[in-house]
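Number of protein chains: 2
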Amino acid sequence: MKIESTIQGLSESLKTARTNQKIIGLVPTMGNLHQGHLNLVREARKKCDIVVVSIFVNPIQFGPNEDYDSYPRTLEQDSKLLEEVGCDYIFAPTVEQMYGNQPRLTNISVSGITADLCGLQRPGHFDGVAVVVTKLFNIVRPEIAFFGEKDFQQLAVIRQFVRDLNMPIEITGVPIARAEDGLALSSRNGYLSEEHRKTAPIIHQCLKIAEQDLQQGKKLADVLANIASTLTQAGFVIDYVEARTPELQKIEEFNQNIVLFIAAKIGTTRLIDNLQVQHNA
Amino acid sequence: MKIESTIQGLSESLKTARTNQKIIGLVPTMGNLHQGHLNLVREARKKCDIVVVSIFVNPIQFGPNEDYDSYPRTLEQDSKLLEEVGCDYIFAPTVEQMYGNQPRLTNISVSGITADLCGLQRPGHFDGVAVVVTKLFNIVRPEIAFFGEKDFQQLAVIRQFVRDLNMPIEITGVPIARAEDGLALSSRNGYLSEEHRKTAPIIHQCLKIAEQDLQQGKKLADVLANIASTLTQAGFVIDYVEARTPELQKIEEFNQNIVLFIAAKIGTTRLIDNLQVQHNA
Numbered sequence: 001m002k003i004e005s006t007i008q009g010l011s012e013s014l015k016t017a018r019t020n021q022k023i024i025g026l027v028p029t030m031g032n033l034h035q036g037h038l039n040l041v042r043e044a045r046k047k048c049d050i051v052v053v054s055i056f057v058n059p060i061q062f063g064p065n066e067d068y069d070s071y072p073r074t075l076e077q078d079s080k081l082l083e084e085v086g087c088d089y090i091f092a093p094t095v096e097q098m099y100g101n102q103p104r105l106t107n108i109s110v111s112g113i114t115a116d117l118c119g120l121q122r123p124g125h126f127d128g129v130a131v132v133v134t135k136l137f138n139i140v141r142p143e144i145a146f147f148g149e150k151d152f153q154q155l156a157v158i159r160q161f162v163r164d165l166n167m168p169i170e171i172t173g174v175p176i177a178r179a180e181d182g183l184a185l186s187s188r189n190g191y192l193s194e195e196h197r198k199t200a201p202i203i204h205q206c207l208k209i210a211e212q213d214l215q216q217g218k219k220l221a222d223v224l225a226n227i228a229s230t231l232t233q234a235g236f237v238i239d240y241v242e243a244r245t246p247e248l249q250k251i252e253e254f255n256q257n258i259v260l261f262i263a264a265k266i267g268t269t270r271l272i273d274n275l276q277v278q279h280n281a
Numbered sequence: 001m002k003i004e005s006t007i008q009g010l011s012e013s014l015k016t017a018r019t020n021q022k023i024i025g026l027v028p029t030m031g032n033l034h035q036g037h038l039n040l041v042r043e044a045r046k047k048c049d050i051v052v053v054s055i056f057v058n059p060i061q062f063g064p065n066e067d068y069d070s071y072p073r074t075l076e077q078d079s080k081l082l083e084e085v086g087c088d089y090i091f092a093p094t095v096e097q098m099y100g101n102q103p104r105l106t107n108i109s110v111s112g113i114t115a116d117l118c119g120l121q122r123p124g125h126f127d128g129v130a131v132v133v134t135k136l137f138n139i140v141r142p143e144i145a146f147f148g149e150k151d152f153q154q155l156a157v158i159r160q161f162v163r164d165l166n167m168p169i170e171i172t173g174v175p176i177a178r179a180e181d182g183l184a185l186s187s188r189n190g191y192l193s194e195e196h197r198k199t200a201p202i203i204h205q206c207l208k209i210a211e212q213d214l215q216q217g218k219k220l221a222d223v224l225a226n227i228a229s230t231l232t233q234a235g236f237v238i239d240y241v242e243a244r245t246p247e248l249q250k251i252e253e254f255n256q257n258i259v260l261f262i263a264a265k266i267g268t269t270r271l272i273d274n275l276q277v278q279h280n281a
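Chains as they are written, first to last, in this note's numbering: chain A, 1 to 281; chain B, 1 to 281.
A few of these clues could be false.
A pair holds if it fits inside one copy or across any two, identical chains being indistinguishable in the list.
With a cut-off of at most 20 Å between alpha-carbon atoms, the simulated SDA-like pairs for lysine to any residue come out as follows [as the list claims (entries may be wrong)]:
| no. | residue 1 | residue 2 |
| --- | --- | --- |
| 1 | Lys15 | Thr232 |
| 2 | Lys15 | Ile144 |
| 3 | Lys15 | Glu143 |
| 4 | Lys22 | Ser11 |
To be clear, the hints were calculated from the coordinates, so they are not data collected in a lab.
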């Protein structure tokens with residue numbers, strides 16, 4: 001495994017692979033890797049000849065009051081994990097390497113599906129994601145890129161701009177990795193106090209109960225209200241509890257496959273989770 | 001020479017070239033080709049192994065009151081010209097092929113340099129250009145793409161988003177092709193009445209006189225005012241007469257290399273032209 005910190009270095013490293021028609025896979029991350037990320041790499045390892053993992057805490061996808069500065073940077077530990085799981089290249093550029101010292105004038109925005117859920121609380125977030133992912137795609141030029149389903153809306157946004165702009169890249173979503181108690185793995189779980197860490201799995205429990213309730217015929221609106229009240233009672237401050245189609249369209253009733261979405265704060269930590277619920281007609 | 005009308009057909013045609021590491025050049029056009037376009041193709045022929053010319057009248061770069069419907073479509077004649085000049089593939093997709101039948105949610109915008117010159121009169125125009133050029137880049141995946149300097153601002157916008165998004169493509173600008181009387185070649189010249197066609201070269205004459213005046217020490221503001229009054233007297237309705245740096249920054253004095261820009265209507269036809277003026281320090 002090799003660590004590249006410059007675009008030019010990475011391009012030269014990948015030149016031979018490209019000449020030899022190797023299938024290149026990209027796993028974009030912000031580092032501080034957990035089993036969720038490593039599952040993405042394992043999936044890439046299965047499908048690709050060359051696996052590139054990018055580690056870059058992207059400033060332009062953080063809001064002014066978000067955790068850009070404090071976001072955990074753990075490159076040494078990440079490298080060990082990636083070596084074990086079979087990554088070929090880590091691409092770990094600086095902010096200057098990615099954004100240069102000339103002002104960036106170009107923006108990529110996806111309308112509609114970003115005006116909702118995390119897009120409401122995080123204006124500009126998905127533009128920042130679209131720009132950095134496009135840059136990484138153009139730098140690495142992978143055949144396949146891998147993203148976690150935990151960031152379900154992000155995955156939908158990426159699929160959308162890839163389709164709209166004819167990017168020659170297959171987007172693969174990988175299921176959420178969870179702790180034994182059900183908590184969706186996230187780098188931000190590291191912010192939780194011991195007490196809040198014990199409370200956090202309630203999010204997933206709510207989703208599983210909601211799934212059962214829906215499949216037993218309870219009304220969608222009641223099920224969502226039930227999640228909200230359980231979480232509030234447990235000390236969460238709710239950002240949203242919503243149901244959408246897998247394409248993120250609003251839905252009034254449980255009459256097709258849907259996705260349940262939760263975003264909620266406990267203490268100062270914002271957690272998100274989701275669950276795909278099958279409709280058995 | 002082969003004409004492809006589908007993305008898949010073109011991809012398959014280019015597969016062998018790509019496998020064999022051929023250098024692919026792209027000349028994006030809206031068809032109705034003249035010597036200006038053919039110069040782009042000749043330049044591509046010199047630098048590339050495989051030359052692709054796209055012919056696509058892109059609806060999303062036209063404003064609601066512009067000439068999308070009446071824009072000349074002359075594929076048969078274009079094909080003959082391209083065959084003579086050494087094009088390998090024409091890519092001539094339908095609107096449906098390019099934009100599908102699902103709504104497009106993704107936009108690419110370049111700020112700053114589009115808020116000026118043609119951007120003022122044509123809101124959304126450069127977004128439409130950025131989107132279609134990005135799509136064509138992703139479909140054709142050329143090493144080099146060729147654009148005319150007549151659309152100087154468009155060229156600057158394309159260079160900007162290519163740099164900002166790390167697109168792995170070299171952008172080559174090609175000088176303006178002119179009729180013997182100096183009129184910059186343009187598909188829109190075909191809209192001119194016989195009388196207006198005789199008047200139109202005044203635009204270029206004004207630019208050449210302005211260049212002389214500047215190099216002889218006349219004040220920039222006076223030179224621009226002089227162009228405007230000459231054109232108005234000749235029957236033009238001026239959209240803009242401006243001087244900018246080659247990076248499109250505003251400028252008060254002629255104290256470095258600059259570009260003079262004119263956009264003006266004669267009858268119902270809007271013409272644009274520009275001239276790069278060297279500053280000999």
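Against the structure, the hints:
When the C-alpha separation of Lys15 and Thr232 is checked against a cutoff of 20 Å, the pair qualifies neither within a copy, at 53 Å, nor between copies, at 57 Å. Both within a single protomer and between protomers do Lys15 and Ile144 lie at most 20 Å apart by alpha-carbon distance, with minima of 17 Å and 18 Å respectively. In this assembly of identical chains, Lys15 and Glu143 lie within 20 Å of each other by CA distance both inside one copy and across copies; the values are 14 Å within and 14 Å between. In this homomeric assembly, Lys22 and Ser11 come within 20 Å of each other (Cα to Cα) both inside a single copy, at 14 Å, and across copies, at 18 Å.
Against the hints set out earlier in the document, a violation occurs for number 1 only.
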